[in-house]
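Participant: Dock chain U against the given chain D, drawing on the hints supplied.
2 protein chains.
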Amino acid sequence: MSRIAYVNKAYVPHGQAAVHIEDRGYQFADGVYEVVTVFKGALIDEEPHLDRLDRSLNELEMAWPVARSALKVILRQVVRQNHLINGVVYFQVTRGVASRQFEYPKDIKSSLVVTAKHMRELVHGPDKNGISVVTLPDLRWQRCDIKTTGLLASCMTKQRAKESGFNDAWMIDRDGFITEGTSNNAWIVTHDDELITRDISNALLNGITRRRILKIAESQGLNIIERAFTPQEAKKAREAFISSASSFVKPVTKIDDCVLGNGQIGSLSEALSNGFLDFLENS
Amino acid sequence: MSRIAYVNKAYVPHGQAAVHIEDRGYQFADGVYEVVTVFKGALIDEEPHLDRLDRSLNELEMAWPVARSALKVILRQVVRQNHLINGVVYFQVTRGVASRQFEYPKDIKSSLVVTAKHMRELVHGPDKNGISVVTLPDLRWQRCDIKTTGLLASCMTKQRAKESGFNDAWMIDRDGFITEGTSNNAWIVTHDDELITRDISNALLNGITRRRILKIAESQGLNIIERAFTPQEAKKAREAFISSASSFVKPVTKIDDCVLGNGQIGSLSEALSNGFLDFLENS
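So the protein sequences, as listed, match chains D and U. Position one of the first sequence corresponds to residue 146 (the working numbering), numbered consecutively onward. Position one of the second sequence corresponds to residue 146 (the working numbering), numbered consecutively onward.
With the rest of the complex left out, here is chain D (with noise of 0.2 Å):
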């Protein structure tokens, strides 16, 4: 079965599929992008994306490639013609084709690309034994909160990680403080029964899994705090744990080279990680 792409206004082979090399997210990552998790063929917390979608687009001054409800009809469609029952649909728009320059050019139309991807092992229990992270220097820009494409940065870092034998790095800003993982939220939970992740601000991503996080730690009756942390705190914390759409709630066991607690994944993680396994069954 061939990868079926959406790529302004036609669905394509996914090997064909091209932009433009004048297309402003390839001379200036001047563009946006979202990844919504399709679980059992529905696409988990859209509205919320799209939502983000939204705010991203504004903040650069971007108009919609289609309007809102062409693009559900075109996601529905990506995910149908490439048969996904479990997986994540992408999708990114830029600016659109110009010729360069710095400052946006006027009267251009903005590109949108949809692609799919399946996932076996998106769907399975909590991950036991979990992750490693290793913490890095945030090297990113002032405006994390914009879900650009702008994100060699993150590479950068996700390579540098990997390269010393973790799975993956927290950020520290300039303060101290971690601002996420590369591509997730990260959380700790402390001997205090906190659930402790970073509040929102330019300086991370607004995440659409963190946020239903909340929600159900919410439900769950959790004591809940949203505020930055430190490495030395996050070091001796019970537990720890990254959120994203594609990892939902993945254990964080190991922190540069302190394991946390007995290495495995911990009580509230655990109930965390069930409760949005429940919540994806449900919606």
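It should be emphasised that the hints constitute simulated quantities derived from the structure, not laboratory data. Hints are supplied without guarantee of correctness; some may be wrong.
Which copy? The list can't say, so a pair holds if one copy fits it or any two copies do.
Unchecked claim - Straight-line distance between alpha carbons at most 25 Å, and here's what the computed DSS-like set of lysine-lysine pairs gives: (1) K251 / K307; (2) K262 / K251; (3) K262 / K154; (4) K273 / K380; (5) K262 / K217; (6) K217 / K381; (7) K185 / K254; (8) K254 / K399; (9) K307 / K254; (10) K307 / K381; (11) K217 / K185; (12) K307 / K380; (13) K399 / K380; (14) K307 / K262.
Facilitator: Using the frame of chain D, we list chain U on its own:
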């Protein structure tokens, strides 16, 4: 006459020049570029541009798409096929096409795109009236020394400058010092005849035109100081200018609401501009 672009081994009509949607330049801004002045058909300062490309590629652990000698042949072909006399040649190297993941994929071939642009306005005597710049926060990442295609912060800043009625912006770092213009280096001349431009670090690009001007200034016996300066200092300067591969020495005669000197090019800037045009004529 139709424009011709080079894209991954093929010379193609500009309008049909395309790259795959999973080229990492498009999804991650995982690419670097150079812009080289073409003057009377000659590539100006080509070797330092290729040296800088080599440095950018090394910093990102990215492979040359073709041998350096082959790239030189391709650049000349693009100049020739476009009948380019005066203008710029733009070339972009990205890590290549791979299934989307943050860490660097292994065993993929980097992509190469080369375009040419005619600029009739390129060759002229010194610009007498100069441009205006507004000082705005530097939103960029921590590795501005690498010439990557992750240029959205510069685009946003240039756009904000234009919307405020200015020609460009000078960007201010967190410590209150000017880093550079949105696509050029920033210079001032004090009332004591000192020529000042910021010293090289991760905070700004090591401009090839900047380096050439330093050599010309040296040959003119000027008092050169490479250090950071503030907007306050710049507004009190006798002269100011920007430098880049397409603007050479371009006077700045207004910074925020302050007009410099008599609002026209200063004598030292004019001498450097003429020195640069002499250099071009003799290249």
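Participant: Broken hints, numbered, in rising order?
Facilitator: Structure breaks hints 6, 7, 8.
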